[in-house]
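Undergrad: Listed below are the residues making up each chain.
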Amino acid sequence: MTDAALRPPIVSVALLSFATLATEILLTRLFAVVHWHHFAYMIISLALLGFGASGTFLALVHRRLLRRFAASYLGNTLAFAACVIASPLLARAMPFQAEALLWDPRQPLWLVLVFLLLSMPFFFAANAIGLALILHRDRVGRVYAADLVGAGLGSLAVLAALYGLWPEEVLRAIAAAGLLAVCVGALELRARRSAWIGAAAVALVAVLALPATWLRFEPGPYKALSQALLVAGTRVVVERSSPLGHISVIESRRVPLRVAPGMSLGATSEPPPQLGIFTDGDNLQPVTAASKDPTSLAFLAQTTSALAYLVATPRTVLVLGAGGGLEILRARRLGARQVDAVEINPQVAALLRTEFRDYTGGLLDDPAVALHVGDPRGFLAARERRYDLVQMSLTGGGGGGGLGGLNEDYLHTVEAFRLYLRHLEPDGFLSITRWAQVPPRDTLKLVATLLAALEADGVTDAARRLVLIRGWQTTTLLVKNGAVTPQEVQLIRATCDELSFDVAWFPGIQPAEVNVYNELPEPWYYDGVRALLGEGRDGFIASYGYDIRPATDDRPYFQNFFRWRVLAEAWHAKGRGGMALLEAGYLLLAGTLVLALLAGLVLILLPLALYAPLAQTSRALRWQVFTYFTAIGLAFLFVEIAFLQKLVLLVHHPTVAFALVLATCLIAAGAGSAWSSRIQRTRARRALFVAVVAVVLLGVTLNVVFDALMVRLADAPTVSRVLSGAGLLAPLAFCMGMPFPLALRAIDPPLVPWAWGINGCASVVSAVLATLLAVEVGFSVVLWIALGLYIIAFAASSFTERGPTCQT
Amino acid sequence: MRATTALLGTLLAVVLPAVAEDETAFAAARQALLREIESDVRETADFLNRRQLDDRVMAALAAVPRHEFIRREDRDFAYENRPLPIGFGQTISQPYIVAVMSDLVEPAPGCRALEVGTGSGYQAAVLSRLCAQVYTLEIVEPLGRQARERLARLGYDNVAVRIGDGYYGWPDVAPFDVIVVTAVAGHVPPPLLKQLKPGGRMVLPVGTRFTTQQLVLVTKRADGRVTTRQMLPVAFVPLTGGHD
Chain A
2 MTDAALRPPI VSVALLSFAT LATEILLTRL FAVVHWHHFA YMIISLALLG
52 FGASGTFLAL VHRRLLRRFA ASYLGNTLAF AACVIASPLL ARAMPFQAEA
102 LLWDPRQPLW LVLVFLLLSM PFFFAANAIG LALILHRDRV GRVYAADLVG
152 AGLGSLAVLA ALYGLWPEEV LRAIAAAGLL AVCVGALELR ARRSAWIGAA
202 AVALVAVLAL PATWLRFEPG PYKALSQALL VAGTRVVVER SSPLGHISVI
252 ESRRVPLRVA PGMSLGATSE PPPQLGIFTD GDNLQPVTAA SKDPTSLAFL
302 AQTTSALAYL VATPRTVLVL GAGGGLEILR ARRLGARQVD AVEINPQVAA
352 LLRTEFRDYT GGLLDDPAVA LHVGDPRGFL AARERRYDLV QMSLTGGGGG
402 GGLGGLNEDY LHTVEAFRLY LRHLEPDGFL SITRWAQVPP RDTLKLVATL
452 LAALEADGVT DAARRLVLIR GWQTTTLLVK NGAVTPQEVQ LIRATCDELS
502 FDVAWFPGIQ PAEVNVYNEL PEPWYYDGVR ALLGEGRDGF IASYGYDIRP
552 ATDDRPYFQN FFRWRVLAEA WHAKGRGGMA LLEAGYLLLA GTLVLALLAG
602 LVLILLPLAL YAPLAQTSRA LRWQVFTYFT AIGLAFLFVE IAFLQKLVLL
652 VHHPTVAFAL VLATCLIAAG AGSAWSSRIQ RTRARRALFV AVVAVVLLGV
702 TLNVVFDALM VRLADAPTVS RVLSGAGLLA PLAFCMGMPF PLALRAIDPP
752 LVPWAWGING CASVVSAVLA TLLAVEVGFS VVLWIALGLY IIAFAASSFT
802 ERGPTCQT
Chain B
57 MRATTALLGT LLAVVLPAVA EDETAFAAAR QALLREIESD VRETADFLNR
107 RQLDDRVMAA LAAVPRHEFI RREDRDFAYE NRPLPIGFGQ TISQPYIVAV
157 MSDLVEPAPG CRALEVGTGS GYQAAVLSRL CAQVYTLEIV EPLGRQARER
207 LARLGYDNVA VRIGDGYYGW PDVAPFDVIV VTAVAGHVPP PLLKQLKPGG
257 RMVLPVGTRF TTQQLVLVTK RADGRVTTRQ MLPVAFVPLT GGHD
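Sequences listed follow chains A and B, in order. Counting from 1 along the first sequence, just add 1 to a position and that's the residue number in the working numbering. Counting from 1 along the second sequence, just add 56 to a position and that's the residue number in the working numbering.
It should be emphasised that the hints constitute simulated quantities derived from the structure, not laboratory data. Everything hinted at is true.
Listed next, the in silico EDC-like pairs over lysine to aspartate or glutamate satisfying Cα-Cα at most 20 Å (straight line): (1) B:Lys250 x A:Glu499; (2) B:Lys253 x B:Asp279; (3) B:Lys250 x A:Glu271; (4) B:Lys253 x B:Asp228; (5) B:Lys250 x B:Asp233; (6) B:Lys250 x B:Asp221.
If we strip away everything but chain A, and leave its shape as in the complex, we get (with noise of 0.2 Å):
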């Protein structure tokens, strides 16, 4: 029996294709320990050019491995199954290090050198996914359907395992899927199993016998926890990983950890000691001992974030982003009497209940205080409760912007302020705290977003109900629930006076009164305000030197003020630490962009170059593959993208939303792929035109659907959201799984591993691109465009009416 009479090895390719999504996940959480989060982002993005190159190496040298397809299959998987291992432990070995860059010239050759060893397991994954969908091009609805559908299991599978492993034992289970792909792949293909299996087995010892600590990622030496490490007497004292980040807690004997954003210069008392929750190595929470001096805890009435305890007496507060329980403290040490405090991550919230229960002084045993897990918009949504205060804690151990600029924060946009200003009591107070930058960029973003709340809601006199107050480190706006009074005005100026902050809004406010005790080149902050309270805010927004347009749900942004503009301007001052002007999360997104469509386009061209019965075939035919598969290929990842905004805002967590997006996209469209291995290869043009018209009237109607879920199920619980979401998003799903394998059954064989080559980097430059676009111009419009390259697919699909004219 040959190789081309068995069946394809189905389960094989799940299994691959299992282990193969939960490595790409897995490598982005372990290199964002390492690494800034956006690095690691773009390491792991460029690493999937490794499918690509598959592409190209495939139509270059396909015929010889499908001569022997049996040992071809089964030798990538096991090549596969070793990378999953050696590669992230052989880039960890790089002198890599990204900060270095700015130094060190050899660092951009220690770069290319971890790109390439981390494209290493997705290059085998895909040679072997690849040569099974070349030799069974009749069968690759199935084929694809398998990888499909094992993509969307290894996605909710890794995810889940995050939680409740460590990840170097998830880098070893998912070693161990890849052998069991061996394995099974050997029984389907009925190919000397003994020795497949054999030497599958002596893999997976080896795998189980490598030291844990071999396996651990540490951060960089350039991570706050690095640092705060090397100081004498300080060690970590608990350790938590989820999908949410990696924990770390540390205490400091000797010189203890105190952390007191905003502390005012005329503060005299030390804080207490504290110890300090690091999220993948950075962004630092401190969590506060208990103390029964009251000149320690002072400083809680000292920050410019005590400023709406100063000029008001909140008794119910609500403090969003509980972290190590600063703002609650605060709240409780300031007169509050009830106070509700959220917080997303449930491995910070359990250490405050138990281990660090005795070192806060029961914090959270206080009757008066209730800690909520969850996402603070979601716990709004389901309440109608109001509260006297909203306080929004100052999170990250640094200005705003930077490599941070783009996570999407659905906490800081239009629709969450509007949200929280719907839960204030009258006279109540909204109250957000942000690092101070200069210039300044997300105070003044800040302001824009919430007036933009304000007007939505129907106030017309925001600018009595604006309070800003800034420190050299920190500024906190405060937003009223009525007009700020002639009496608090007047607290507000003795409390600025006599901790040395300056006021920079209020109604009434002079422009002698302002840039006093922290003096700036220019009252910016003031005359920001100013301007964005006047009639000519489009224009300052416009010709400000940072973005600041409001941040919105369909642009949730909020971090990231990167203005191309910029860019030259710091460039040239580069000597004098111009660099600092930059938002660099930005940049290296845009860099990896560029990066991704070059290697693409030497991708794509190699072949063509270098294997001759593909520059045989016609030059329309390839100008028609081409652009099928790349629309496709960014279409796919551009739709899954865009209903990931939604998701997160229906099911309220970031997590949860993507696996639900992931394994739905993927599993349904594997569905959508197996059944169109129904349609007869005639009919494939007009299947494919019924596909794409569902496409776009499900994307339409689902974009209208999905705005309207998020405020009729806002209360319900979160298995009806979960389903809800799932259930509307299969269908469209569905009918993307089939344009693929449509087209991949009608092309030649010759173009079959070109094709599959596009579609690898299209995936990598759609999932870059869409941000940058989202960043741009917003979610919708990534929807809008993914839209139209499936009807543009569509149009360049003519070849497949026309089948095949050879076979491989």
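Fit chain B to the given chain A structure using the hints.
TA: For chain B alone, coordinates are given in the frame of chain A:
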């Protein structure tokens, strides 16, 4: 014996001119760096409130061999105007920032200076040329030891290095005319403000390890009241015009 002496003589004959050549090259590079800093200061005059730095500050920068404060493998970059790594995840600041900070605190001859965050010891060495006595604190033990040895070897006798927590300053030798805080905590420690003389100046660079976003100059008035001035080290106007 004679052979050994001859060999040593030959080696010295080869090595010494090379060392001298290196020193000459470093001195030339240092001069070029000074010219670059002068030009940078002129470009940022509006933000720094000065068109040029104090001659004493420039002279101090001209005298301190930065290449002695960095790792041997980075010496080729010693006089480039950028931060460099010194190990332990720390950096030596950009010379332009060191120059501006040293100028902002207006160190008068005979002043006493405190530095929090010794790092390589470079800033302390510059201050030692401007002040009568410099006290510098480093929390990372190996870094502090290295800096102490380096400063002693280079003859900076008026710099005292202590390994310990900078939060409490150096109370037994306080007060200070000048305080430079290169390792900024989450806030300005009250003990440091207490150890600043009335009329004294403190400067803090704020930003990441590699990019200084702003310089904060803290001034203690004669009545004890503390104010800050926040400066951009770069010429940048956020508003490009065109609004009402």
